[in-house]
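I would like the entire structure built from these sequences, with the hints used as guidance.
2 protein chains.
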Amino acid sequence: MRAPDIIRKKRDGGTLARAEIEFMISGIASGAVKDYQLAALLMAIVWRGMTADETQVLTESMLNSGTIVDLSRVLGPKIDKHSTGGVGDKTSLILAPVAAAAGVLVPMVSGRGLGHTGGTLDKLEAIPGFRIDLDLVRYEQVLAKCGLVLIGQTAEIAPADKKLYALRDATATVESIPLISASIMSKKLAEGIDGLVLDVKTGEGAFIQELERSRLLAETMCKIGAGMGKKMTALVTRMDHPLGRAVGNALETREAIECLRGDGPADLMDLSMELAAEMVLMAGLASSLEQGRTLCGRTIADGTALERFKGVIEAQGGDPRVIDDLDRLPRARTTVDLVADRSGFVVDLKARPVGHAAMLLGAGRARAEDGVDHAVGVVLHKKPGDRVSPGEALCTLHVNDETRLAEARSLVASAYDYSDVPPVASPLIVERIARVPSTRPVPASERKGDS
Amino acid sequence: MRAPDIIRKKRDGGTLARAEIEFMISGIASGAVKDYQLAALLMAIVWRGMTADETQVLTESMLNSGTIVDLSRVLGPKIDKHSTGGVGDKTSLILAPVAAAAGVLVPMVSGRGLGHTGGTLDKLEAIPGFRIDLDLVRYEQVLAKCGLVLIGQTAEIAPADKKLYALRDATATVESIPLISASIMSKKLAEGIDGLVLDVKTGEGAFIQELERSRLLAETMCKIGAGMGKKMTALVTRMDHPLGRAVGNALETREAIECLRGDGPADLMDLSMELAAEMVLMAGLASSLEQGRTLCGRTIADGTALERFKGVIEAQGGDPRVIDDLDRLPRARTTVDLVADRSGFVVDLKARPVGHAAMLLGAGRARAEDGVDHAVGVVLHKKPGDRVSPGEALCTLHVNDETRLAEARSLVASAYDYSDVPPVASPLIVERIARVPSTRPVPASERKGDS
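Chains as they are written, first to last, in the working numbering: chain A, 96 to 546; chain B, 96 to 546.
Honestly, the hints are just simulated from the structure, not real lab data.
One thing to keep in mind: the hints can contain errors.
[To be verified] Among chain A residues calculated to face chain B with C-beta under 7 Å, some are: (1) 102; (2) 135; (3) 139; (4) 261; (5) 265.
[What the hints assert, rightly or not] Result set (EDC-like, lysine to aspartate or glutamate): computed pairs, CA atoms no more than 20 Å apart in a straight line: (6) A:129 / B:358; (7) B:129 / A:299; (8) A:129 / B:264; (9) A:477 / A:289; (10) B:240 / B:402; (11) A:258 / B:464; (12) B:478 / B:432; (13) B:129 / A:289; (14) B:478 / B:358; (15) A:240 / A:299; (16) B:257 / A:264; (17) B:477 / B:432.
Just so we're clear, the structure is a prediction, and the values are computed from it rather than from any experiment.
For every residue, glycine included, the Cβ atom is placed at its ideal position computed from N, Cα and C.
Here is the structure:
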């Protein structure tokens, strides 16, 4: 088998056999396949796409490039959630403790923010002392103790994905549904979960903006997971406006804690609770979504969700006092208000420029290797549907470095749109896709060579 | 400027600016652009194509990556010929001495064979002692002394092409008209020529098989050359059957010498003389193609072409006695005849399986890094139009290593097709495209940065 022949087959629109995909992916570690050959194959995949079977095999090959965590010693249903990324999306920090408090085990391996989107790891690291780099032994221990654990991708998990992801970033081959699906699912399937709830974003601030493609991405991932014996549910949700009011790491962590206290913005709270209810339902702890919502709501009301979050912060080396004293989170030196110059209703607040503005202030990173400033960001006082009057503060920029403040400020201003009549609110959740496991989980050893 | 942005632009079907193409090509030498980024760009170019302007700029960037030979001290019209490669195509060995004897200076930088196609360098190296690795000083000296010089690509000539060609071979991105055109033309434009005659093959045994695409390749290369101030003529010629009767290095060199003696097969002789006449016309040494043919024919009749070939062999370290004693060329240990099992007319003799069979015998290489056996190959006694009877020899295989003899033999047998009625002969030359220089030659220093 030769890499150029495999690349040629995909280039010409052919369907790759299992052995061919496995050859390319195993060649990453062995060195038999060169970076430039992978890059050419990636571009050919962006061009020609992949069938469902090819995507499934690609995911399995990437998964099998590393350790598949065995959490069978931790008894109970293990369910995770993954979001494809948005602006102000801090649902993980809310739903993980909620679901855990409702009895779900939540082993969560998350990522960092890139470009205009934020990342769960950056928000967690805003908590003084919080460690996301636990090894897999400690990962299991924290899960067993707290009912949830929140870490970053370790070297053992899907190393082929790490390599491919870096290559995709450098070669403009990120935007491909099979490649995105395989990348996400190879990591998630390594976590040791029984099921996964997906939050696939769509709209202006999402990675995939067109609803049809977002739906396809959701279906592709659900199919892959079900094919690997996992329960899968995906919500396709709108990412037109930032979720909640805070954009920026510590600001978002603060807002998440406020939600866990029962005092958060409605859109953020609703989506977090809906995703948590899906997890509870998937775990078999509720017989209906409605019952799941009730169970989850109770964990907020009785403070057990907040307690869970405090527990995991402590277990992962963070300062648990932030739960009761939000001022222990990092704060920016300066705040700058953006003020309305007209009256009317806010009818639009585009997520992407707001996320981009937060990045310019230092909250996000333009390139994967950049660092972030946890303290800075944007807090939105006015969102679509809100009435504004001249002189009222639309939002507050939290600033440490003023170098790109003017640019950030004008970006946020450009994100707002007004009208004399209030907008018609559209529902956040567009679609729900659920799939039951389509096969028994088959060990990798049995699957090889059956192409 | 960032490589991923440039790749993304081409991926999405955009047109690259001069500065973007120059950034990618100059980045090869500087290391600013990685191999995997080039590979992704190459695949995006195979996918999206390039405009005439992009192809022109790509060629210039590759040309400017190395030395452009200055042959101005050697007075006279300098014209080269390039073929896109075929089976049994030894026209260079015939037309270069013929054109030189007619007064053209022929500075020829050639390549090696790959796959089913042969290469001029391998045929020359079949001559004992012949050196194709002259440096550029010696290149100029031999041209001045002999009127022709026949070498391989040096490290100074278009190093970016060397790199890109190796990458294309490893990433299945060879078959792209802009990439083929830029690769060929960047090398040819570095030779120090005033004009170039192209032999663009089309048909079953050609690299580009469809006539429309062969014509496009011819037009693209002519346009590039004319845009760089060169006279350009292209003949699109059929490569359905092997050219001449010999396929394999020493066997082809022998046949070329027979042609120079006035004793070669008609198809090979006709095409070689037609290409030589084009060179003579382009050089301004004849006022019509008809007059060019007469001049060239005279160099065969009076033995001056053969003398020129003897001269260049001697100047490049080869044994000039091969001219008079063909048995000094390497010979295979064994010959095996393939015999006809029916009577009728040969109506087809596919070039590709014959070339492939010669490769299996050791005459060609499957990969660029392989060596070749100069002695082996196939001599075709029966070609389309010839009548055969049972028991007559169709062809003779010249063999040293019998490992793949059976395979080679059955390939050649499969190349033949018969009928009870003779075939209608189709002309070898399908089309002639000529272009005069469209601009004055602009020095590289003036061209940079005007995108």
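Tested hints:
Using the Cβ-Cβ criterion of 7 Å, the hint placing residue 102 (chain A) at the interface with chain B is satisfied: the shortest such distance is roughly 4 Å. Interface restraint check for residue 135 (chain A): the shortest CB-CB distance to chain B comes to about 4 Å, inside 7 Å, so the restraint holds. At its closest, the beta carbon of residue 139 (chain A) sits 6 Å from a beta carbon of chain B; the interface hint therefore holds under the 7 Å criterion. Given hint, residue 261 (chain A) at the interface with chain B, is violated; its Cβ is 10 Å from that chain's nearest Cβ, farther than 7 Å.
The criterion of a C-beta within 7 Å of any C-beta in chain B is met by residue 265 (chain A), whose closest approach is roughly 6 Å, and the hint holds. With a CA separation close to 50 Å, the supplied pair residue 129 (chain A) and residue 358 (chain B) exceeds the 20 Å bound. Annotation: proposed proximity of residue 129 (chain B) to residue 299 (chain A) is violated, straight-line Cα distance about 32 Å (limit 20 Å). This hinted pair checks out: residue 129 (chain A) and residue 264 (chain B) have alpha carbons roughly 13 Å apart, not beyond 20 Å.
The hinted pair formed by residue 477 (chain A) and residue 289 (chain A) fails the criterion: a straight-line CA distance of about 40 Å is larger than 20 Å. Using a Cα cut-off of 20 Å, the hinted pair residue 240 (chain B) and residue 402 (chain B) holds, with the two alpha carbons roughly 13 Å apart. About 29 Å separates the Cα atoms of residue 258 (chain A) and residue 464 (chain B), which puts this hinted pair outside 20 Å; it is violated. A threshold of 20 Å between alpha carbons decides the hint, and for residue 478 (chain B) with residue 432 (chain B) the separation of about 15 Å falls inside it, so the pair holds.
Distance check on the hinted pair: residue 129 (chain B) and residue 289 (chain A) sit about 40 Å apart at the alpha-carbon level, beyond 20 Å; violated. Restraint check: the Cα-Cα separation between residue 478 (chain B) and residue 358 (chain B) comes to about 17 Å, which is no more than 20 Å; the hinted pair holds. For a cut-off of 20 Å, the pair hint linking residue 240 (chain A) to residue 299 (chain A) is broken: about 40 Å separates their Cα positions. A C-alpha spacing of about 26 Å is found between residue 257 (chain B) and residue 264 (chain A), which places the hinted pair above 20 Å, so the restraint is violated.
Restraint check: the Cα-Cα separation between residue 477 (chain B) and residue 432 (chain B) comes to about 12 Å, which is no more than 20 Å; the hinted pair holds.
Checked against the numbered hints given earlier, this structure breaks hints 4, 6, 7, 9, 11, 13, 15, 16; the rest are met.
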